[in-house]
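Undergrad: Protein chains in written order, with the working numbering: chain A, 1 to 430; chain B, 431 to 688.
Among the clues, some could well be false.
Keeping only pairs whose Cα atoms sit at most 27 Å apart, straight-line, the calculated DSSO-like set for lysine-lysine is [to be verified]:
| no. | chain 1 | residue 1 | chain 2 | residue 2 |
| --- | --- | --- | --- | --- |
| 1 | B | K497 | A | K22 |
| 2 | B | K497 | A | K6 |
| 3 | A | K144 | A | K283 |
| 4 | A | K148 | B | K604 |
Everything labelled a hint here was simulated from the structure, so no lab data went into it. Just so you know, these numbers come straight off a predicted model, no measurement behind them.
Each chain, letter by letter, is given below.
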Amino acid sequence: MPSKKKITIEPLARVEGHGGIKVEITDNKISNVEVRILEGPRLFEELVVGKTPQEDLNIVPRICAICNLSHKYAALRGLEKAVGVSVDSTTKLFRELMHHGEMIESHSLHIYFLALPDFLGYDNAVAMADKYGDTVTKALQLKKFGNKIMRMMGGRMIHGENPIIGGFGKLPTKEALTEIKGEALELLEFAIATINLLGGLEIPDHMERETQFLCCKPPGEEYGYYGDILITSDGEEHPVENYKNVIKERVVSHSFAKRGQYNGKPFTVGALARVLLNGKRLKGKAKEAYDQLVTDRWYRNPLFNNHAQAIEQVYSLEGIIETVNQLLASEDAEIAQPTQESGIGTGVVEAPRGTLIHHYEVKDGKITAADFITPTAMFLDDIEAFIRTGGEQLLAKNQLDNIELQFEMIARAYDPCISCSAHIVEVVFK
Amino acid sequence: MTATDKPKIGIYGFTGCAGDQLLIIHTEDEILNLFGAANIQSFVMASSNPIEENLDVAFIEGSISTKEEIEHLHELRKRAKILVAMGNCAVNGGPQAMYTGDGGYEKRLKKVYGEGVKFMTDPLEAKPIDAYVDVDYYLPGCPISQPQTFALISRLIHGAIPEPYPHPVCHECKLNENRCLLLDETFCIGPLTLGGCGSACPNHDVSCVGCWGPNEDGNFGQHIKLLESFGIPKEEIMRRIRGFGGSKIIKFIEDGGK
Ligand code: SF4
Ligand code: SF4
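Can you make the complete structure from the sequences, with help from the hints?
TA: Now the structure itself:
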């Protein structure tokens, strides 16, 4: 009789939303890995049908709180294409500023509060404060700074309605912008210190395997968080309108979900994918951080996503300084108006966790169809594959202490956002 | 105070975007104090190894959207002396409940997930938590606001009785001396919506879309007529009013929407 063992990790702690991991071991071999999504379905794609673009913008950020402005931004990019809105360069800069704010909010929350406690052996960041008081205080400051920009541009810390079709309701004053720039300069030192902190951590290698990467190709020669082209680690470029042919939705017996694969295989998105595919475009201190940290192991080990986020923290702080400089020298922004009532648009941005796609069809001013593909939907397969490899290695070496923690760390490295189960639900076929 | 006589608190998330839990995590100036003043037994989004025992206060975020969630909610109700519905999803059902009760749920579910699938736990049409258990306090908002939340938490952990806040967004907007959007014939449902956000949206010249849920004293009938007089189709007005009101708002619309 085969020996059978089941490891169930539920709830999966320190991730956003309600999920778990199930790993089955038969005869000392991993026979099944499931990252389970335990949230109920919310059916956002159906909720927005029949609504105006503005109503959509009020609703879709509620898919996910941490990256609510990425959802707003992806929706704006898709809807503005559909109804023929082209925003001026000042508005574009303000949107970039808003996006930098969210990256800092999300990455700092993840690095210091959700991931670092594992590496340092604590249940949570508050418990870390005794020994790492300075890091926790500074991390709170950095996160607060990200939140401040989100509040300034979004209109509220979470789910603000200030970004609208064609621009913003209200824009910050020059004084507020100058203040932001000063704070970014101050925080840069801590973001660089974090590069050293992470650089000194021992990173386990049991789960290492080859994977693929996907992200947006930013316009021009710069690093960035949006684009109209998807690039993949095989060197291909794909216009975003083609996303359905690039990211193939897969149905398996244990899961009916919009789980993406590329070329029939799992892939990674997020900071790690961006840094590996676009890192050569980094400049300044972010480039120094890239040169200091990135090694060949990054291509095989998802735990380096934490490090890639740390590089992006540096990039975004520098980006805020540069964007504010440009804004201070820019003309006032105007709110651009729609030029058509019907059309189709695919909007793509890099959310903190990876590529986020919002596709819309609009007819006579109302949405007739919508499709959202979230980063979490894209990388769940990849998490499962890494957990499987890691589990096999650990079993072979009989290193079974703490195996749950090892699995959880893999999942947490992706910073999964289970609420993004706009349409990720685990199901079994009858 | 020792850890044992500090009030025991649990913070739980059902179906939603986790925005209310995130808002608590994002209270950089309070979060360390909160962990110091109360015994946070379970807050899975922030900490591993939760302790599931009896609680003085349970804060519950999210709508009830699966069978498993109903069971978990009943179990929490048994363990908690005080149960607080936190955020619009828990209070009204959230945006996912905007069509609850219209008979179209099965069809929408099939459109997104296809035919012939069996879920790990049966999905249900989104409902607020008071559809299943008694709720002691409501903390509205999508997401909740920091001042309202910390006023409630500090009262509850010190055994004081929380006060109701029956003012609409419109009232806060006046205190902030904004120019009223209705004067420019722009859509706004601040008069129909519970306050607490400090009129965040009108402060930015954008409409209140009602994310705090219905204000019981709102004059729904007259306000709908006023918006119609701006040339906004009634259908659109009703649709937008329902956005964050779940099925609870239907009784207000029915009373006044004629
Ligand atoms: S009430 Fe709003 S912020 Fe809270 S979980 Fe629901 S959608 Fe998210
Ligand atoms: S103004 Fe209205 S929509 Fe905006 S935060 Fe307040 S209640 Fe929500």
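Undergrad: Hints first: check each against the structure and report whether it holds.
TA: Taking the hints in turn, this is what the structure says about them:
Using a Cα cut-off of 27 Å, the hinted pair B:K497 and A:K22 holds, with the two alpha carbons roughly 20 Å apart. The hinted pair formed by B:K497 and A:K6 meets the criterion: a straight-line CA distance of about 24 Å does not exceed 27 Å. Only pairs whose Cα atoms come within 27 Å are accepted, and A:K144 paired with A:K283 is accepted, the gap being roughly 25 Å. Taken as a hint, the A:K148 and B:K604 pair is honoured in the structure, with Cα atoms around 25 Å apart against an allowance of 27 Å.
Checked against the numbered hints listed earlier, the structure breaks none of them; every hint is satisfied.
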